[in-house]
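Chemist: The lines below spell out each chain.
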Amino acid sequence: MSEQTPNPYVGLPERAFWKRAVAAHNPLEISQLWQPKFPIGRRHRVITAGSCFAQHFSRALVARGYRWLDAEPAPKLLSETQARDYNYGIFSCRTGNIYTARMLRQWLSYALEEAPLPVEHWEKAGRFYDPLRPGIEPDGFVDLADLQGARGAVLAALRRAVSQADVFVFTMGLTECWRHRESELEYAMCPGTLAGEFDPDQHEFVNQSFVGIHRDMRAAIKMLRQANPKLKVLLTVSPVPLTATASGQHVLTATSHSKSVLRAVAGELAAELAQVDYFPSYEIITHPAYRGMFYAPNQRSVVPQGVNHVMESFFACQNAAFPWLQRQGKGARQGQDKGAAPSARALQCDEEFLDAFG
Amino acid sequence: MPLDKPKTGQAGTDQTENAPQASLHFCVFGDSHIACIKHAQDEGLLSLDGVVLEYWGAPGPQFRDLHLQDARLVATTAAAQASLAKINPARSTALAPQDYDGFLFIGCRLRSSDYLVPLLRSQPGSPGYLSAAVRALMLDRWLESCRGYRAAREFAKARPVFFSPAGFLNEGTLSEEELAETLDSEATPEARAALWDEIAQAMAADGVHLLRQPEETITHGGLTRRDYATSLGAEEDDRVHKNGTYGALILNHALSQLPLVPS
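Chain order of the listed sequences is H and Y. Each residue of the first sequence is one higher than the one before, counting from 1 in the numbering used here. Each residue of the second sequence is one higher than the one before, counting from 359 in the numbering used here.
Since the hints were derived computationally from the structure, they do not count as laboratory data. Just so you know, even glycine gets a beta-carbon here, dropped at the ideal spot from N, CA and C. Just to be clear, a hint being listed does not mean it is correct.
Taking lysine to aspartate or glutamate and the EDC-like style, the derived pairs with C-alpha atoms no more than 20 Å apart in a straight line are [as the list claims (entries may be wrong)]:
(1) H:K76 x Y:D472
(2) H:K76 x Y:D564
(3) H:K76 x Y:E539
Just some of the chain H residues that point at chain Y, by a computed CB distance under 7 Å [stated by the list, open to error]:
(4) P116
(5) E120
(6) E123
(7) P131
(8) G135
(9) E137
(10) D146
(11) G149
(12) A153
(13) A244
(14) A246
(15) F315
(16) C317
(17) F353
The whole structure should be built from the sequences, with the hints applied where relevant.
Modeler: Okay, structure coming up:
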């Protein structure tokens, strides 16, 4: 007979025990929160989408020399501020915030499955707004053709991004949304807020359930994997509370409900699907173990130190699981100067000038 | 400055031989791109009857040393002044709009490739479509961020000013990969004309007259035909400079639009 351990907890790593993994540590020294399923190195092309917290991922990746894929880059002639104002470089494509699972599913169905595009548009002060991303241009579009042309561009970018990426990072943000009662089109924002007109006969509030979100996420992941079978998906949940709720609950309890459902779906998907993982940025910011230290005084905005700690944890966990990533980092910087070097160009200018005026 | 009201220059230094009856003093200003006009002149390709043609400018890094001060262009370094002394000894330190009857600004770091080429890839229906608002921002910034253009705008308050942006990159100087990444080789003359119209309108608001790159010099949607590229050095080395034939097209077109006033 072989010897049996006294119970299954004996021999488990330190991280399995609250006393040693959490209580004994300064919160900033809590480690091994994540055991990643797959490596994300500087050679991997990463795309990002989701709620506003997702943009921190792209910034952190770019800052560390990772290959964040900007599939719809800003024209070079725009200043950095102009590019930001027009939502270039925020996510991999100019979708704007994708707060819900249904919105992700909608975007992917338009881009990858040629689902019929919504004909609805919003107008305000003679300008045209896309209900899928009403805030994408500060003053809307000049006409419907302009709106549709720009929408065609973002869908092309989305196809390109999905087909070229190795990892898709999606930050789940909300369960609450507004939809058209008949077409079931889900809006990025409630009609009548930034543009459009709210009509209770046409527009309905939906607080998505675990089952519905799980179904939409499975459908979205299926589309992603059909377009790119090698694509890995990394889910996170935004720790940013709701600005407002239409659920009838207190906004604090509505936030708790919403985030709990999203967190549960993310965990479930990571448990079900080998190519899907969950990174606990949500816990790092929100958990009582961190004593709320990463929130601004309004208890909603995440301070830069919090974002930094999240991303440091991300890279630390990656490096711990895949030590070779650190070695690979050296010399993996991209970027080649195409064409003549500046000094060579200056030389050409001088030659041309001397030849003419000698 | 309206084209139908040219004024006689004050004291242009005659550098052009065989122009004793000249009554119009005209200046070509720019960076190394002014060389194509000089090549055209040296090759006898210009229609200069009644015109005294002079040059002002500096190549490459020295062009950055030419600054707009009190509505004049001033050479702020010895190197730039030395360059100017070679091409316009009478005005090696400064250029004022009143020095000539009209001006052609050529090149001046305003590159057609920077504005037109990306926009030619963003036509309606294309995957790179850019909204009207973004296109307007690009045009505004393309012009505003160019010091040479700002100088042209200032000079245009006093004299007729033509502006010829640096032509498209030369055929045969880009790799296949670069071509595929940057160029819409199917871009039509109509598409280019629409963009030139927008530029012309923006420049006209500043009193500046756009000189478009002539269609016969364009190939592959947004490149300059090799027939119009500089012949100096190895062909594939110089992406930007043009030859005398190109220069002649530009200057002759400018002069044809500028009524000559007999003295």
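Chemist: If you test the structure against every hint from before, which numbers come out violated?
Modeler: Numbers 2, 4, 5, 6, 7, 8, 13, 14, 15, 16, in rising order.
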